[in-house]
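> Protein chains in written order, with my numbering: chain A, 8 to 603; chain B, 2 to 380.
These are computed hints drawn from the structure, not numbers from a lab.
Owing to the predicted nature of the structure, the values given are computational and were not obtained by experimental measurement.
It cannot be assumed that every hint is accurate.
Covered by chain A, per the in silico footprint, the following chain B stretches (three or more residues, Cβ under 8 Å) [what the hints assert, rightly or not]:
(1) 210-224
(2) 261-269
Below are the DSBU-like pairs computed for lysine-lysine, each with C-alpha atoms no more than 30 Å apart in a straight line [to be verified]:
(3) Lys307(B) x Lys574(A)
(4) Lys358(B) x Lys554(A)
(5) Lys103(B) x Lys16(B)
(6) Lys574(A) x Lys329(B)
(7) Lys579(A) x Lys194(B)
(8) Lys587(A) x Lys349(B)
(9) Lys297(A) x Lys483(A)
(10) Lys221(B) x Lys550(A)
(11) Lys570(A) x Lys291(B)
(12) Lys238(A) x Lys277(A)
(13) Lys179(B) x Lys16(B)
(14) Lys574(A) x Lys358(B)
(15) Lys79(B) x Lys148(B)
(16) Lys542(A) x Lys521(A)
(17) Lys46(B) x Lys568(A)
(18) Lys272(B) x Lys574(A)
(19) Lys559(A) x Lys358(B)
(20) Lys358(B) x Lys580(A)
(21) Lys559(A) x Lys221(B)
(22) Lys570(A) x Lys272(B)
(23) Lys358(B) x Lys576(A)
(24) Lys15(B) x Lys570(A)
(25) Lys307(B) x Lys349(B)
(26) Lys559(A) x Lys175(B)
(27) Lys583(A) x Lys333(B)
(28) Lys179(B) x Lys241(B)
Using C-beta positions, here's what the derived DEER-type ranges look like [unchecked claim]:
(29) Lys16(B) x Asp142(A): 49 to 59 Å
(30) Lys241(B) x Leu571(A): 24 to 34 Å
(31) Gly290(B) x Tyr315(A): 53 to 63 Å
Don't be surprised by glycine CBs; every beta carbon is placed ideally from N, CA and C.
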Amino acid sequence: MEKNIRNFSIIAHIDHGKSTLADRLLEFTGALSDREMSEQVLDSMDLEKERGITIKAHAVRLKYAADDGKDYILNLIDTPGHVDFSYEVSRSLASCEGSLLVVDATQGVEAQTLANTYLAVEHDHEIIPVINKIDLPGAEPERVKEQIEEAIGIDCSEAIPASAKEGIGTKEILEAIVKKIPSPSGHNDSPLKALIFDSWFDNYQGVIVLVRVFDGIIKSGMRIRLMSANKDYEISKVGVFTPKMQDVDQLASGEVGYVIAGIKNVSDTKIGDTITDANKPADRPLAGYKEIKPMVFCGLYPVETHQYEDLKTSLEKLRLNDSSFSFEPETSTALGFGFRCGFLGLLHMEIIKERLEREFALSLISTAPTVIYRLTGMGGKEIYVDNPSSLPERFLKIEEPFVKVAIFVPQTYVGQIFELCQEKRGVQKDFSYISKDRMLIVYELPLNEILWDFYDRLKSVTRGYASMDYEFIGYKESDLVKLDILLNGEPVDALSLIVHKDNAYYKGRQIAEKLRGIIPRQLFEIAIQAAIGGKVIARESVKALRKNVLAKCYGGDITRKRKLLEKQKEGKKKMKQIGKIEIPQEAFLSVLQVKE
Amino acid sequence: MAGCLYIHIPFCIKKCVYCDFYSIPFNLEITHKYVEALCAEIEFKRHIACDLKTIYIGGGTPTLLSEPDILKVINTIKENYSVLPSAEITIEANPRTINEKKADMLLKSGINRLSIGAQSFIDRELTVLGRSHNANDALKALRGARKAGFNNISIDLIYAIPGQSLDDWIYSLKTAVKLSPEHISAYELTPEKNTPLYRDIQEGRIIMPDEELISEMYYKCIDTLTENGYIHYEISNFAKPNYTCLHNINYWERGEYLGIGAGAHSFVNDKRTGNVRDAVHYIESISKGKIPVSEEIEVRGDEALKENIFLGLRKTEGLDISRLPKIKDMLKTKAVKELLLHGLLEIKDNYVRLTRKGLLLSNEVIVRVLSEIESSHPS
Chain A
8 MEKNIRNFSI
18 IAHIDHGKST
28 LADRLLEFTG
38 ALSDREMSEQ
48 VLDSMDLEKE
58 RGITIKAHAV
68 RLKYAADDGK
78 DYILNLIDTP
88 GHVDFSYEVS
98 RSLASCEGSL
108 LVVDATQGVE
118 AQTLANTYLA
128 VEHDHEIIPV
138 INKIDLPGAE
148 PERVKEQIEE
158 AIGIDCSEAI
168 PASAKEGIGT
178 KEILEAIVKK
188 IPSPSGHNDS
198 PLKALIFDSW
208 FDNYQGVIVL
218 VRVFDGIIKS
228 GMRIRLMSAN
238 KDYEISKVGV
248 FTPKMQDVDQ
258 LASGEVGYVI
268 AGIKNVSDTK
278 IGDTITDANK
288 PADRPLAGYK
298 EIKPMVFCGL
308 YPVETHQYED
318 LKTSLEKLRL
328 NDSSFSFEPE
338 TSTALGFGFR
348 CGFLGLLHME
358 IIKERLEREF
368 ALSLISTAPT
378 VIYRLTGMGG
388 KEIYVDNPSS
398 LPERFLKIEE
408 PFVKVAIFVP
418 QTYVGQIFEL
428 CQEKRGVQKD
438 FSYISKDRML
448 IVYELPLNEI
458 LWDFYDRLKS
468 VTRGYASMDY
478 EFIGYKESDL
488 VKLDILLNGE
498 PVDALSLIVH
508 KDNAYYKGRQ
518 IAEKLRGIIP
528 RQLFEIAIQA
538 AIGGKVIARE
548 SVKALRKNVL
558 AKCYGGDITR
568 KRKLLEKQKE
578 GKKKMKQIGK
588 IEIPQEAFLS
598 VLQVKE
Chain B
2 MAGCLYIHIP
12 FCIKKCVYCD
22 FYSIPFNLEI
32 THKYVEALCA
42 EIEFKRHIAC
52 DLKTIYIGGG
62 TPTLLSEPDI
72 LKVINTIKEN
82 YSVLPSAEIT
92 IEANPRTINE
102 KKADMLLKSG
112 INRLSIGAQS
122 FIDRELTVLG
132 RSHNANDALK
142 ALRGARKAGF
152 NNISIDLIYA
162 IPGQSLDDWI
172 YSLKTAVKLS
182 PEHISAYELT
192 PEKNTPLYRD
202 IQEGRIIMPD
212 EELISEMYYK
222 CIDTLTENGY
232 IHYEISNFAK
242 PNYTCLHNIN
252 YWERGEYLGI
262 GAGAHSFVND
272 KRTGNVRDAV
282 HYIESISKGK
292 IPVSEEIEVR
302 GDEALKENIF
312 LGLRKTEGLD
322 ISRLPKIKDM
332 LKTKAVKELL
342 LHGLLEIKDN
352 YVRLTRKGLL
362 LSNEVIVRVL
372 SEIESSHPS
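My request is simple: use the sequences and hints to build the entire structure.
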């Protein structure tokens, strides 16, 4: 059993400097030379770099010669920073004994930080507060320390002042990791128990699995069993990231690294599953494994119908790398052949959509995201509905998913938050001060209401000062109806949505009005109607186009005219033809952007 | 070999708020150098055009040029290209730059067609457009040109001017008709990007008339002018019998032409080229013996067919189906059938043309037709 190992992760709100700090640690310990340092090494996907968020977890082994004269192995386990991936976060945290809690000295504690810190505390982490960005003019390290103590209840007397950007505090952080975080416990001679906390597909090596070994030893040539999947494989390689991939003979208890075992499908390597020795299996897997289910659904359709096969192949390829989203073929009378896709949350949905469009050069239409409803049919049978257009006309009961939302906000904006949550059908559960001028507000809200521009509105009513976090708490019965949108009398299934009865009239009117602004004038008049159960509740019209002409063909500059026409033609191509009506892609999301 | 020649004179006394054409303030020194450069370019390109049937001197304000400069340009043209005796030779004129004396000089130089930028006969509208002349100037210019002996005069009019009512427009149209020019061009005011007018609209200082009113103005224009003996021969152009503008018709029929001057465009041997717009750059380059071409595109096959369609449909007679066999297939496509059904296109006597309703929706129609060409030839 190694005593000189420290496994840790970094908890931070978006933009509080997690990635920069990770870079400094890598640099300081010599894991990468200056030449090899590209900004924010750990965030390797382009998308992650652009959005400044970590999507996939990573693990890096650092070698550190501490002031006590001993050499240590430090395993930094990077965690995703968004609520959509909270299960992945929990598995990453389960793989460590301690965390750095990084808080921006100019911003203070945010909801996401709080949620993840509680998660770390639940995993018995030793938590080392780091007050980052102390070099900035607006830094208030003392106030932020106070806040951490009051809000989270963590002693900040030894909090480390740092600036990851300027390299201030890096050594102090490394020393604290060595001194404060306990070395892992576990036994090399017990049956193998290794926790899978991440996995992805590599074109050359198959699935690469990141593990934390709790008990036993894992080495190449060994036959292993994935306990919940109940599948056996033979290991071809084990190794560590330094951050370059480097094969090693074995990973012993307490260590973190990768395992390659000829696994073809990431969906077999479920995050949270336990790897054991097939010849000498452990009697019980590690605790905490959960099957994760998509929470948010939307339809994805190719703009050009002939891209259907491409979309299918691309979804299959993406799923190789991300087993947390689902897709099933679906047919829409309006949009043709496409897929109903399920995601962990809205960010997850956006990421997948963007990757499909960027990496696979697809042009997609997505329908408004929806949650999954639980329906009790007339015969008493329970079914789940993830597409508004498939809601049956009659049923006994409909239930929708609810979440508990925690909002951190300066006291000044409390009134606005109450108003917003009220409007979104929220029920207040808690309301308390976390420091002199900051409050924690807890509401129970239908998940569906959070999909409707909740986060943007929260940010705008609080001028960006609020932060939020949420967790799923279960299904509750609600008075919900299906709102249909008709164009020239024909219902457009891709525009249907499920709304609360009290809001239905208002939303119907708003959507019709919004569509009137989005759908361009065409050769004939277009009637837009919103209807509930066949009853029209709102009506708008787009008048027929009267005029679209180039008055003058200036001199001999014909090329310029041709370019103008080409531009109009390109504009037309981006529209979706429904019957004879041309609808811009953004119309399908417009149902979401209704201001209330 | 091009039979049509365009000469560009980029100078103006004052820039109009809606104009995005290249022009610079009039300045004697630059103008002189510019004319030298024009003549040099004409000489360089003496093998590209001959037997000219049209010459068009446009701008800017070409009538700002002095008598010797105009004579120099015309004479250089005559020395380098053969000009047909029946050639249509047009010059554009701002009302303030033309009177009987000047018109007499132009006629004597060989110019036989005058295009006067009257735009409106209401002073308030001329102010909105940022024009330097008033309604009276336009009347005087036209009378002067007539006295001097011009028997082929065109007037430019603009409608859809902010604040203009239908009655205002009818007043300008009727005033024009009374003056009895041989040709009238009536253009809808189109706010082009990078003009003061465009910015004023974007920033809400100026409100354009609505689509319905503009449509009414357009149809009123067609009706008023055709009732008074003008033939509506192109989307925005009207002429008394035998007075259509041959130079412009050549553009719409995809004939070859040679352009001389800064920003001038040519179409020769399937190639569309354009000179740089900057006059100073143009002068410098020519003085070094190099034609400053800023764009060159070769147009063949489907691209040529597309041009035939979008240019040809501008003419009210439409496209001669027998001359373009490929168009026959296009007429059978679903898109075209729909346009016929909607009454935007019609086929008559082997011609396909825009209907009265289709004229105002010509872009919409053309884009649909052009898309059919593309989808039948997957690239």
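> Look at each hint and say if it fits the structure.
Okay, the hints, checked on the actual structure:
For a cut-off of 8 Å, the count of residues in the segment 210-224 of chain B with a CB near a CB of chain A stands at 5, and the three-residue condition holds. Residue count for the segment 261-269 of chain B with a Cβ under 8 Å from a Cβ of chain A: 4. That meets the three needed, and the coverage hint holds. The straight-line distance between the Cα atoms of Lys307(B) and Lys574(A) is roughly 14 Å, inside the 30 Å bound, and the hint therefore holds. Pair hint Lys358(B) plus Lys554(A) holds up; C-alpha atoms about 9 Å apart against a cutoff of 30 Å.
Distance hint between Lys103(B) and Lys16(B) is fulfilled; the C-alpha atoms sit about 22 Å from each other, no more than 30 Å. Of the supplied pair hints, the one linking Lys574(A) and Lys329(B) holds, its CA atoms being roughly 26 Å apart against a limit of 30 Å. With a C-alpha separation of about 21 Å, the suggested pair Lys579(A) and Lys194(B) falls inside the 30 Å cut-off, and the hint holds. Among the hinted pairs, Lys587(A) with Lys349(B) is consistent with the structure: their alpha-carbon atoms are about 27 Å apart, no more than 30 Å.
With a CA separation close to 22 Å, the supplied pair Lys297(A) and Lys483(A) stays within the 30 Å bound. Between the alpha carbons of Lys221(B) and Lys550(A) the distance comes to roughly 22 Å, so the proposed pair stays at or under 30 Å and holds. At most 30 Å may separate the alpha-carbon atoms for a hinted pair to count; Lys570(A) and Lys291(B) meet this at roughly 28 Å. The straight-line distance between the Cα atoms of Lys238(A) and Lys277(A) is roughly 12 Å, inside the 30 Å bound, and the hint therefore holds.
The hinted pair formed by Lys179(B) and Lys16(B) meets the criterion: a straight-line CA distance of about 29 Å does not exceed 30 Å. Of the supplied pair hints, the one linking Lys574(A) and Lys358(B) holds, its CA atoms being roughly 23 Å apart against a limit of 30 Å. Between Lys79(B) and Lys148(B) the alpha-carbon distance is near 26 Å, which keeps this suggested pair within the 30 Å criterion. For the suggested pair Lys542(A) and Lys521(A), the alpha carbons sit about 20 Å apart, so the restraint of at most 30 Å is met.
Under the criterion of a C-alpha separation no larger than 30 Å, the hint pairing Lys46(B) with Lys568(A) is consistent with the structure, at around 26 Å. Simply put, Lys272(B) and Lys574(A) have alpha-carbon atoms about 21 Å apart, close enough for the 30 Å limit, and the pair holds. Restraint check for Lys559(A) and Lys358(B): satisfied, since their Cα atoms lie roughly 18 Å apart, inside the 30 Å limit. For a cut-off of 30 Å, the pair hint linking Lys358(B) to Lys580(A) stands: about 24 Å separates their Cα positions.
Our distance criterion of 30 Å between C-alpha atoms is met by Lys559(A) and Lys221(B), whose separation comes to about 18 Å. Proximity of Lys570(A) to Lys272(B) is assessed by CA-CA distance (about 16 Å); at most 30 Å being required, the pair is judged to hold. Pair hint Lys358(B) plus Lys576(A) holds up; C-alpha atoms about 20 Å apart against a cutoff of 30 Å. Straight-line distance between C-alpha atoms of Lys15(B) and Lys570(A) comes to about 29 Å, which keeps the hinted pair within the 30 Å bound.
The hinted pair formed by Lys307(B) and Lys349(B) meets the criterion: a straight-line CA distance of about 21 Å does not exceed 30 Å. A hinted pair counts as satisfied when its Cα atoms are at most 30 Å apart, and Lys559(A) with Lys175(B) qualifies at roughly 22 Å. A distance of roughly 23 Å separates the Cα atoms of Lys583(A) and Lys333(B); the hinted pair therefore holds under the 30 Å criterion. Using a Cα cut-off of 30 Å, the hinted pair Lys179(B) and Lys241(B) holds, with the two alpha carbons roughly 13 Å apart.
Between Lys16(B) and Asp142(A) the beta carbon distance is about 52 Å. The supplied range of 49 to 59 Å therefore holds. The hint said 24 to 34 Å for the Cβ distance between Lys241(B) and Leu571(A), and at roughly 31 Å that hint holds. For the pair Gly290(B) and Tyr315(A), the beta carbons lie near 59 Å from each other, so the given range of 53 to 63 Å is met.
Figure legend: structure checked against the earlier numbered hints; every hint is met.
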